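Q: Residues per chain are reported as follows:
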Amino acid sequence: MIEEEKNTETKSKNKKQTPIIEIRDLHKTFGKDNTVLKGVNLMVNKGEDLVILGRSGSGKSVMIKCIVGLIEPDKGEIKVFDENVLNLSKKELNKIRVKIGFLFQSGALYDSMSVRENLAFTLRAHKRELTEDVVENEVIEALESVGLGGAIDKMPSELSGGMRKRIGLARTLIINPEIILYDEPTTGLDTITSREISELILDIKHKQKTSSIIITHDMACAKMTADRIIVLKDGIIHAEGTYEELEKDEDEWVRSFFD
Amino acid sequence: MILSLKNTFAQIGDAALFAKRFFKEVFIPPYEVKEFLKQCYVIGYKSLPLVTITGFIMGLVLTLQSRPTLVKFGAESWLPGMVALSLIREIAPVITALICAGKISSGIGAELGSMKVTEQIDAMEVSAINPYNYLVVTRILACTLMVPILVFYADAIGIIGGYVGINIHGDVNFYRYLTQIIQSLDFLDVIPAAIKTFFFGYFIGMIGCYKGFNAENGTESVGRAANSAVVTASLSIFIIDMVAVQITDLFF
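Note that the protein sequences, when read in sequence, are chains A and B.
Okay, so the first sequence: first residue is 1 according to the working numbering, each after it adds one.
Okay, so the second sequence: first residue is 1 according to the working numbering, each after it adds one.
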């Protein structure tokens, strides 16, 4: 047991040497005075699952949207695979984006397309040379990896919230991303489905060796998936550590998440 | 007041940039042929029943309303030519474009607005898919090509409506009716009217896409985008028509 812990510690030390996402002094204000990020600094290492906690409106989603270039920050630096995404052209940014998967809170499935088309459309956009047979096989494989092979012909409107998130995850996985950003993956789901999604996140990490940022309010999900947790408060990082470390933290704000 | 004026000008500038982007993106691959054909089907084919009914009524009513005046002046024989001229030059293009503004522009505004609100457009963006190319270019292009076809179709149906209208009070042979129409039509009656329909189509598509693409977060904004798309597109049709008539008047 002790040996296993040591191995884990050694592994985590090795991981620290290869940062895959680096955020420095990130600022973002909406409108005149709605400042959500006031100089956030963080780093995600290769193979690491980083969980971000914080109250609604604390800038968690804004931060991950800045990483993929959906929102432009006012100030700061975001390095992904050693490239500052804020200085990249659209074409260069898209080269980075294909290595990043993004699971939206609602799943963000394309309503006018069936589940098959949702996945095939994303895959074809990146690999136009693939034949229909290959696309079909990859779609089936991705759906089976999230346990929803039978939903291939369904329309998004026929799916439950949990299924939409799983399909959204399958659509993310089909392009084999190296980083996955999860925006509240278990919000709005029942306890059992939430646990299934958390297990899926863990499974993806182990099978596909991905690095992740997971934004969640679900402490069970955080406990299962987090290698490290960051707590955001008033636009800055208030606390950082493993689940076990933060659980014992004396700070009242941090404790409020665990109680 | 000044702030509101400033916002209006900012929005016009933003819309102009959005419109300009179409001419750049339309030539940049990938060419979304499948989506373009799907939009042609939705915008063109699916509008046929509505255009058929309104086109027929336009021709019929125009004939029935114009007949008494022409009879008063003993010019009843001019009726087919007058109906055709009014339909082709003005009524069919404007009415069909207004119908398209109501049906297509609002539909596009609501569809793209809902995609924006439910983060589907963001999902495309983060998957390195160009949403402007896939959603906007295909819809504007389909509108620009389908609206003139719908107008041409409405012209034909309106002429048939006119024939029915004439035969309510009289007995005119269809061949003679058509001959009278063709004799009264000039090349310059058709071309300027046809050209302006491409502009109608472009603006109907562009305004629907712009309003939907720029919908704010929240489901309420979807309805607002659709409503605003109809109002702005309808207004733009009248403005384009006014400019087109002035230009035609100036040159021909």
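Any given hint could be a false lead.
[As the list claims (entries may be wrong)] The calculated lysine to any residue pairs, modelled on SDA-like cross-linking and capped at a C-alpha distance of 25 Å, are:
no.: 1; chain 1: B; residue 1: K38; chain 2: A; residue 2: K79
no.: 2; chain 1: B; residue 1: K20; chain 2: B; residue 2: L145
no.: 3; chain 1: B; residue 1: K103; chain 2: B; residue 2: P49
no.: 4; chain 1: A; residue 1: K95; chain 2: B; residue 2: K103
no.: 5; chain 1: A; residue 1: K95; chain 2: B; residue 2: K46
no.: 6; chain 1: A; residue 1: K99; chain 2: B; residue 2: D122
no.: 7; chain 1: B; residue 1: K20; chain 2: A; residue 2: L93
no.: 8; chain 1: B; residue 1: K103; chain 2: B; residue 2: L60
no.: 9; chain 1: A; residue 1: K90; chain 2: A; residue 2: K154
no.: 10; chain 1: B; residue 1: K24; chain 2: A; residue 2: K154
no.: 11; chain 1: A; residue 1: K90; chain 2: B; residue 2: L60
no.: 12; chain 1: B; residue 1: K46; chain 2: A; residue 2: D111
no.: 13; chain 1: B; residue 1: K38; chain 2: A; residue 2: E178
no.: 14; chain 1: A; residue 1: K90; chain 2: B; residue 2: R224
no.: 15; chain 1: A; residue 1: K91; chain 2: B; residue 2: P49
no.: 16; chain 1: A; residue 1: K154; chain 2: B; residue 2: K20
no.: 17; chain 1: A; residue 1: K95; chain 2: B; residue 2: L60
no.: 18; chain 1: B; residue 1: K34; chain 2: A; residue 2: I71
no.: 19; chain 1: B; residue 1: K34; chain 2: A; residue 2: E117
Calculated directly from the structure, the hints in this document are not laboratory data.
These figures come from a predicted structure and were not determined experimentally.
Q: Does each hint hold? Answer for all of them.
A: Structure-based check of all given hints:
1. K38(B) / K79(A): 40 Å, violated
2. K20(B) / L145(B): Roughly 18 Å between the alpha carbons, so the hint for K20(B) and L145(B) holds.
3. K103(B) / P49(B): 12 Å, holds
4. K95(A) / K103(B): With Cα atoms ~38 Å apart, K95(A) and K103(B) exceed 25 Å; violated.
5. K95(A) / K46(B): 38 Å, violated
6. K99(A) / D122(B): 16 Å, holds
7. K20(B) / L93(A): 23 Å, holds
8. K103(B) / L60(B): Distance of about 23 Å is within 25 Å: holds.
9. K90(A) / K154(A): With Cα atoms ~34 Å apart, K90(A) and K154(A) exceed 25 Å; violated.
10. K24(B) / K154(A): Violated. K24(B) to K154(A) sits at ~36 Å, over the 25 Å cutoff.
11. K90(A) / L60(B): 54 Å, violated
12. K46(B) / D111(A): Holds, because 19 Å separates the two Cα atoms, which is no more than 25 Å.
13. K38(B) / E178(A): This hinted pair is violated, its Cα atoms lying about 34 Å apart.
14. K90(A) / R224(B): Roughly 30 Å separates the two Cα atoms, so the pair is violated.
15. K91(A) / P49(B): With a Cα-Cα distance of about 43 Å, the restraint between K91(A) and P49(B) is violated, given a limit of 25 Å.
16. K154(A) / K20(B): 38 Å, violated
17. K95(A) / L60(B): Judged against 25 Å, a Cα distance of about 59 Å means the pair is violated.
18. K34(B) / I71(A): 30 Å, violated
19. K34(B) / E117(A): Holds, because 13 Å separates the two Cα atoms, which is no more than 25 Å.
Against the hints set out earlier in the document, violations occur for numbers 1, 4, 5, 9, 10, 11, 13, 14, 15, 16, 17 and 18.
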